[in-house]
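> Can you make the complete structure from the sequences, with help from the hints?
There are 4 protein chains.
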Amino acid sequence: MGTGRIEAFSDGVIAVIITIMVLDLKAPSDASWTTLLQTGPGLAIYLLSFVVVGIFWMNHHHALHAARAPEPPLMWSNLAVLFALSLIPFVTAYVASAHGSPLPVACYAVTLALSSLSFTLLNGVIAAQHPAGDIVRVQYRRFIWKGTVVVGCYLLAVPLAYVNVAIAYTIFVVIPILYVLPDRATVDER
Amino acid sequence: MGTGRIEAFSDGVIAVIITIMVLDLKAPSDASWTTLLQTGPGLAIYLLSFVVVGIFWMNHHHALHAARAPEPPLMWSNLAVLFALSLIPFVTAYVASAHGSPLPVACYAVTLALSSLSFTLLNGVIAAQHPAGDIVRVQYRRFIWKGTVVVGCYLLAVPLAYVNVAIAYTIFVVIPILYVLPDRATVDER
Amino acid sequence: MGTGRIEAFSDGVIAVIITIMVLDLKAPSDASWTTLLQTGPGLAIYLLSFVVVGIFWMNHHHALHAARAPEPPLMWSNLAVLFALSLIPFVTAYVASAHGSPLPVACYAVTLALSSLSFTLLNGVIAAQHPAGDIVRVQYRRFIWKGTVVVGCYLLAVPLAYVNVAIAYTIFVVIPILYVLPDRATVDER
Amino acid sequence: MGTGRIEAFSDGVIAVIITIMVLDLKAPSDASWTTLLQTGPGLAIYLLSFVVVGIFWMNHHHALHAARAPEPPLMWSNLAVLFALSLIPFVTAYVASAHGSPLPVACYAVTLALSSLSFTLLNGVIAAQHPAGDIVRVQYRRFIWKGTVVVGCYLLAVPLAYVNVAIAYTIFVVIPILYVLPDRATVDER
Chain A
-8 MGTGRIEAFS DGVIAVIITI MVLDLKAPSD ASWTTLLQTG PGLAIYLLSF
42 VVVGIFWMNH HHALHAARAP EPPLMWSNLA VLFALSLIPF VTAYVASAHG
92 SPLPVACYAV TLALSSLSFT LLNGVIAAQH PAGDIVRVQY RRFIWKGTVV
142 VGCYLLAVPL AYVNVAIAYT IFVVIPILYV LPDRATVDER
Chain B
-8 MGTGRIEAFS DGVIAVIITI MVLDLKAPSD ASWTTLLQTG PGLAIYLLSF
42 VVVGIFWMNH HHALHAARAP EPPLMWSNLA VLFALSLIPF VTAYVASAHG
92 SPLPVACYAV TLALSSLSFT LLNGVIAAQH PAGDIVRVQY RRFIWKGTVV
142 VGCYLLAVPL AYVNVAIAYT IFVVIPILYV LPDRATVDER
Chain C
-8 MGTGRIEAFS DGVIAVIITI MVLDLKAPSD ASWTTLLQTG PGLAIYLLSF
42 VVVGIFWMNH HHALHAARAP EPPLMWSNLA VLFALSLIPF VTAYVASAHG
92 SPLPVACYAV TLALSSLSFT LLNGVIAAQH PAGDIVRVQY RRFIWKGTVV
142 VGCYLLAVPL AYVNVAIAYT IFVVIPILYV LPDRATVDER
Chain D
-8 MGTGRIEAFS DGVIAVIITI MVLDLKAPSD ASWTTLLQTG PGLAIYLLSF
42 VVVGIFWMNH HHALHAARAP EPPLMWSNLA VLFALSLIPF VTAYVASAHG
92 SPLPVACYAV TLALSSLSFT LLNGVIAAQH PAGDIVRVQY RRFIWKGTVV
142 VGCYLLAVPL AYVNVAIAYT IFVVIPILYV LPDRATVDER
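Residue numbers (our numbering), protein chains in the order written: chain A, -8 to 181; chain B, -8 to 181; chain C, -8 to 181; chain D, -8 to 181.
I should point out that these hints are in silico values taken from the structure, not numbers from a laboratory. It cannot be assumed that every hint is accurate.
For identical chains, the list gives no copy identity; a pair is met inside one copy or between any two copies.
Under the rule of at most 25 Å between Cα atoms (straight-line distance), these lysine to any residue pairs were calculated in the SDA-like manner [to be verified]:
{"no.": "1", "residue 1": "K17", "residue 2": "Y153"}
{"no.": "2", "residue 1": "K17", "residue 2": "G91"}
{"no.": "3", "residue 1": "K17", "residue 2": "Q130"}
{"no.": "4", "residue 1": "K17", "residue 2": "A104"}
{"no.": "5", "residue 1": "K137", "residue 2": "T30"}
{"no.": "6", "residue 1": "K17", "residue 2": "V171"}
{"no.": "7", "residue 1": "K17", "residue 2": "L27"}
{"no.": "8", "residue 1": "K17", "residue 2": "V149"}
{"no.": "9", "residue 1": "K17", "residue 2": "L146"}
{"no.": "10", "residue 1": "K137", "residue 2": "I126"}
{"no.": "11", "residue 1": "K17", "residue 2": "A71"}
{"no.": "12", "residue 1": "K17", "residue 2": "I168"}
{"no.": "13", "residue 1": "K137", "residue 2": "G31"}
What you are looking at is a predicted structure, and each value in this text was computed from that prediction instead of being measured.
Following this line, the structure appears as structure tokens:
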């Protein structure tokens, strides 16, 4: 019994998460430009969340391929990742409804920190499934290190949101870009 | 024709169930701490339901692997499991909107009892697909026994919710923990 | 290239259809028995729709296994089935919100007639993919005949809903039962 | 590692997109013919969007089969397609709520233009994965040309919606028909 069904289930959950966020984008109440433009910030944060969840999906794609067995620690850390990701539509709607205020932005930062933390845990479980010295183990230990830095950055965004919301938004935009680059590095290695 | 497509369909349904619950977590109406804290109990019951559905999914994962043929009794008992599970988002929203009142908590208990009952039925169908003396049959008969006790505990939570809601909540939290432990026992056996 | 991905996509769509219906079951606004009992008819019609969609899924399961090639007629008749099924959550919510009135019940009947009609079309496409005299072709011609009768019964429920809503409801409950029985006949044949 | 999981994930996302649109079709508030008929335009635009997303799914089906490797450009252009498609439920609800006004219709046109543009990009990535002279590359270069024309037509619908909304609607209905015909041509070639 391989990790195929965990992949299928996770794909299903992530597919629903990434798509239901659009349900919180309410259609403008009338056909004027004024009300349409009010959906702009909501659309921007939706795009950001879509990209973030998309990157998590791609990394998850690689992670489960490196996993060896569907043992309980893998199942549970994977479930923790899915739970943390499932909160993203909630905080996305929160930021969209009250953008500019620091509290929703801080909640968004905490949720992304939780998602990265649980994903780092999942990477740790996968690393532990390989013998010491194995190339996958070495690679995943680097991912764990990187993930820990990302968690720290997201947590840093919490107080910074109270200084200036724009700083927190900048962190939210920069991290996905950085998260993608090392992935490309992994591809180069092969 | 194997049980592959039943698995795929069930995975899809359970993935949707586990994710749409978050749609009932409405974003706070303003950016104050007071309204944010009001979502706390809703978040807690969502976490509980997420874990419960997650455990059902893991057990379902094992159950369908033990199933032999996609015969009508398997299809129907599986559909009963999916129907009972699909009511969990409904009762989760009910408990979240009126937490502290015994009636929603009792409905939550009845829904979990129904889910466990239908899952026990599914286990019974799987046990019957194997010849007497087969190890899978012996194992699934134990699952049936365990499932019956769990149904009883959930039904017991109904009157206990009227004594004190906290007792019912305790049962909801303890059963998933107990449900996980025997699963680990199964893994040890292999 | 087989019909595997049509199956996967259809499974996904049907899984979403069967599950999102529960989103229209709004949690009672307070914790009293009176408001809880008001969700009773909505729950009953949800159960009926769940079973109807579940049966369509099972028959779809068999139909796509009998299909030979993912040609345009198969793709389009399959898409028609999915479209008709996707209206079931809409009419389910309509009946639930205004049960007892003949118009919603008539709309429910028309939607089920459309679903059966498009499914009969799909069966026709599958029958045409097999040479004359082939056992699958013979079997699917019988399904087409049966499907046509079912469409007629659902259309008959439209005027009967205006005579007495209970007659229409009876048709809705009896047809799924009849639809299941011949399936069992098919199993016996094998 | 093939493109199988990208297919599975994309199927999941498209399945959710095509189905959640029906959630924006609110059940009529009472059981009168007047309120039922008011859902007519919403139902018509839902049918159109369902067919459009269905065609995108079919073309996606062919595209991913022609793809060679799940490299970052494929992953990202695919994610762009999914993002653009995920906005279709939003603009469908917008057109349904304020049909007849040019602004929602123009937004619908822009969203379809974005979807076709990102899909053309995906086709370009696939064409680039094949060596010059390869039949798939030739075929996909033709798709890119066709896609560019379609993007142009959708963009043309934006100003035309302000001339007369009916012209834009005509474009929305005609393009899917034209998009299907060349697909049939591809089938003939094989």
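> Take the hints in turn and mark each one as holding or not.
Verification of the hints:
| no. | hint | in the structure |
| --- | --- | --- |
| 1 | K17 <-> Y153 | between (28 Å within a copy, 24 Å between copies) |
| 2 | K17 <-> G91 | both (19 Å within a copy, 19 Å between copies) |
| 3 | K17 <-> Q130 | neither (43 Å within a copy, 40 Å between copies) |
| 4 | K17 <-> A104 | between (27 Å within a copy, 21 Å between copies) |
| 5 | K137 <-> T30 | neither (35 Å within a copy, 32 Å between copies) |
| 6 | K17 <-> V171 | neither (30 Å within a copy, 31 Å between copies) |
| 7 | K17 <-> L27 | both (10 Å within a copy, 21 Å between copies) |
| 8 | K17 <-> V149 | between (27 Å within a copy, 22 Å between copies) |
| 9 | K17 <-> L146 | between (30 Å within a copy, 24 Å between copies) |
| 10 | K137 <-> I126 | within (17 Å within a copy, 43 Å between copies) |
| 11 | K17 <-> A71 | between (29 Å within a copy, 21 Å between copies) |
| 12 | K17 <-> I168 | neither (28 Å within a copy, 30 Å between copies) |
| 13 | K137 <-> G31 | neither (33 Å within a copy, 31 Å between copies) |
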